[in-house]
Amino acid sequence: MGFKRKKGDGDGEEMESEGRGKSSFNGSEKRNVILPSMIKNKDKRSKVYAKQKHEKKVEKQKKIRARDAAEKRALELGEEPPQKMIPKTIENTREADETVCRPDDEELFADIDADEFNPVLRREITPKILITTCRFNSTRGPAFISELLSVIPNSHYQKRGTYDLKKIVEYATKKDFTSLIVVHTNRREPDALLIIGLPTGPTAHFKLSNLVLRKDIKNHGNPTSHQPELVLNNFTTRLGNRVGRFFQSLFPPDPNFRGRRVVTFHNQRDFIFFRHHRYIFETKESKQSDKGKDGVQETIKPRLQECGPRFTLKLVTLQHGTFDTKGGEFEWVHKPEMDTSRRRFFL
Amino acid sequence: MQHDEVIWQVIRHKHCSYMAKIETGIFCRNQYNVTGICNRSSCPLANSRYATIRDHDGVFYLYMKTIERAHMPNKLWERVKLPVNYEMALEMIDKHLLYWPKLLQHKVKQRLTKMTQMRIRMRKLALKTREVVVTTPRRQIKRESRREEKAIKAAQLDKAIETELMERLKKGIYPTEIYNLSDSVFNKLLDREIETNDEVEKEEEEEGVIEYVEGDDELEAEEEEDMEDFSGLPSKESYLEGDDHDSDDEDDDDAEEQVVIHKKGRALKKSDDNGKAKKKPRVVVEVEQEDADTRTSLKSLKL
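Going down the list, the protein sequences come from chains A and B.
So for the first sequence, our numbering puts the first residue at 1; every next one is plus one.
So for the second sequence, our numbering puts the first residue at 1001; every next one is plus one.
Any given hint could turn out to be false.
To be verified - Here are some chain B residues pointing at chain A (derived, C-beta under 7 Å): (1) Q1117; (2) A1155; (3) Y1174.
Stated by the list, open to error - Stretch by stretch, here's where chain B covers chain A in the computed footprint (C-beta under 8 Å, at least three residues): (4) 34–43; (5) 81–94; (6) 241–254; (7) 274–281.
Claimed, not checked - Just the calculated beta-carbon pair ranges, DEER-fashion: (8) B:R1054 with A:M338: 44 to 52 Å; (9) B:R1121 with A:R94: 49 to 57 Å; (10) A:K166 with B:R1054: 54 to 62 Å; (11) A:N186 with B:R1143: 16 to 24 Å; (12) A:M338 with B:S1041: 17 to 25 Å; (13) B:R1143 with A:K175: 36 to 44 Å; (14) B:V1080 with A:V316: 48 to 56 Å; (15) B:I1173 with A:K175: 30 to 38 Å; (16) B:T1135 with A:T340: 15 to 23 Å; (17) A:N186 with B:E1149: 34 to 42 Å; (18) B:E1149 with A:H54: 28 to 36 Å; (19) B:H1056 with A:E91: 53 to 61 Å; (20) A:A96 with B:E1149: 19 to 27 Å; (21) B:E1149 with A:M338: 48 to 56 Å.
These aren't lab readings, by the way, just hints derived from the structure by calculation.
Note that the Cβ used here is the ideal one computed from N, Cα and C, for glycine as well.
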């Protein structure tokens, strides 16, 4: 195949490839396109590649223009414009999960009635939280804990000492706490959160990352002590629902709307983002000159001011009883082999 | 004995695979070594009569080798199980190593002591809970942090929270004292006001002109009624004053008036539901500002 190089231009090479039999004469366009990597001559190769790229660009622009023109025409004629294509996102193409909660699931309601958070969420008990650390405390630990104390109402902090975690669980149950939070530090940074519901509650082990303390946030606000509102976003599956209710059980169930505090747990792709804001509803004017009416319309928009820490949690294990790594029954454990698919999420 | 000397010479000066030399000394890695140091008297290979203690699963055994069995490597080491009790074990050692060289007896007893101490300590530790050191596979950490970044971008948190709050407002969860959710009548009225005010704005360009659109006798009474409602809002006022609100644009710094503004401002959007029975027609007064190109807020004044 040496005579390839003797031809002068790219067209000659295209014909060559056809002649070589690499393209079947079925008329499909793909067969006539040469891979530039097959050409050994750098000069020729770069020219062919540039030409192909230009052709692709021209085609794309043509398509876009045609689409826009069709839409405009349809609008003018008063017809429906052709449907816009929806871009594929990871959330769109998420693997179908059979554990997603459906709104009419009786089993779900029965489970909710029977689970451990029910007494708290039904306002029978007010939540009381005990926060402690792992045995070796570190630089950022105490600051984070003091911020947590301000975020979660009715929470208390106690130093760890060298007690066994199981003993601490017993102690807390005796003193009528509803949850125990252990902040674990690694390399001088808090990196895991262990939330244990009491007395029989589940134990959730979260990996903590991206912690930003209040003082490091620009224009932060100072939270008051009103009871906050909760926003729990995107907890779709059964497991997610359970975790969401777990978070809900940490906070008192009757928020004080006057305080205008909102605490958000937003789940996105199995990462739970924690945010703490103060909000206010404001009117914002926007000039609207469509439909022939020149007026200033005022819309209500909420404005958020961030206060309090900001961090990300990722669920590592969820255990059915209180903390017991050896004998406990684990409802969900994260294994690295679960990460193989980029479209599969569990919460 | 002669044989031993030869073995020792060869091992020590040429090569012994059990020898481990580190900066603090020369050690012997042979499992049968009593002291663990590479020595002429401690080498199990270079001594035909030797004894040692070894530990299998917490049980101690006394191992002995004699020159009579040197030609049978299979049956070389004789094993005796030692009792768990320390004193009884010592007596057993005495009994078995009765006519043996003093050095060996001494070293064997020392080894027994050390091993019993270790056994006690290991048992105590096993009862305590210790933190397990786990490895952190670097690839997974990197993968997680990459995915987290993308998840943050996909989440658009502020937007999500704001939409959620707006939905809650529309549902009517929030109490009316804070957010004065008036009804459609007031809305229409206000729309009319906006349009008239717009025209007025275009005509007049004086500064600081206070205009009365409708009678303000009602205004004062209404204001006072509203003020009663606002008795319990210290936090809100402080919040308004605290952060960078657009209080710069307003003439008065009166906190109460700011609160009132808020109320009116929010009232406008209530086009859907919420049949709250506050049907007080409010008077809207506009104040023109020097540098404001667009009207930033509606304001009512008590005069």
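Query - CB-CB spacing for K175 of chain A and I1173 of chain B relative to the 30 to 38 Å hint - result: Since I1173 of chain B and K175 of chain A have Cβ atoms about 34 Å apart, the given range 30 to 38 Å holds.
Query raised in the report: Can we keep the A1155 of chain B interface hint, with Cβ of chain A closer than 7 Å?
Result: Since the shortest Cβ distance to chain A is 4 Å, the answer is holds.
Requested in this report: Take the C-beta atom of R1054 of chain B and the C-beta atom of M338 of chain A, compute their distance, and say whether it sits inside 44 to 52 Å.
Outcome: holds (45 Å)
Report task. State, for the Cβ atoms of R1121 of chain B and R94 of chain A, whether the hinted interval 49 to 57 Å holds or is violated. Result -> holds (53 Å)
Query raised in the report: Once the shortest beta carbon distance from Q1117 of chain B to chain A is found, is it less than 7 Å?
Result: violated (23 Å)
Query raised in the report: Against chain B, does the stretch 81–94 of chain A show at least 3 residues with beta-carbon separation below 8 Å?
Result: This one holds; 3 residues, not fewer than the three required, reach chain B with a Cβ under 8 Å.
Report task. Between the stretch 241–254 of chain A and chain B, see if three or more residues pass the 8 Å beta-carbon test, and mark the coverage as holds or violated. Result -> Check failed, 0 qualifying residues.
Query - Consistency of beta-carbon spacing, K175 of chain A to R1143 of chain B, with hint 36 to 44 Å - result: holds (41 Å)
Query raised in the report: Measuring from beta carbon to beta carbon, are K166 of chain A and R1054 of chain B in 54 to 62 Å?
Result: At 36 Å between Cβs, range violated.
Query - Claimed coverage, the stretch 274–281 of chain A by chain B - three or more beta carbons nearer than 8 Å - result: Coverage by chain B holds here, the residue count being 6 at a Cβ distance below 8 Å.
Query raised in the report: Can the suggested window of 17 to 25 Å be confirmed for the beta-carbon pair M338 of chain A and S1041 of chain B?
Result: Cβ of M338 of chain A to Cβ of S1041 of chain B: about 60 Å, so the range 17 to 25 Å is violated.
**Report entry** Whether chain B covers the stretch 34–43 of chain A (at least 3 residues having a Cβ closer than 8 Å to its Cβ atoms)
**Finding:** violated (count 0)
Violated hints, listed in ascending order, are 1, 4, 6, 10, 12, 17, 21; each of the other numbered hints is respected by the structure.
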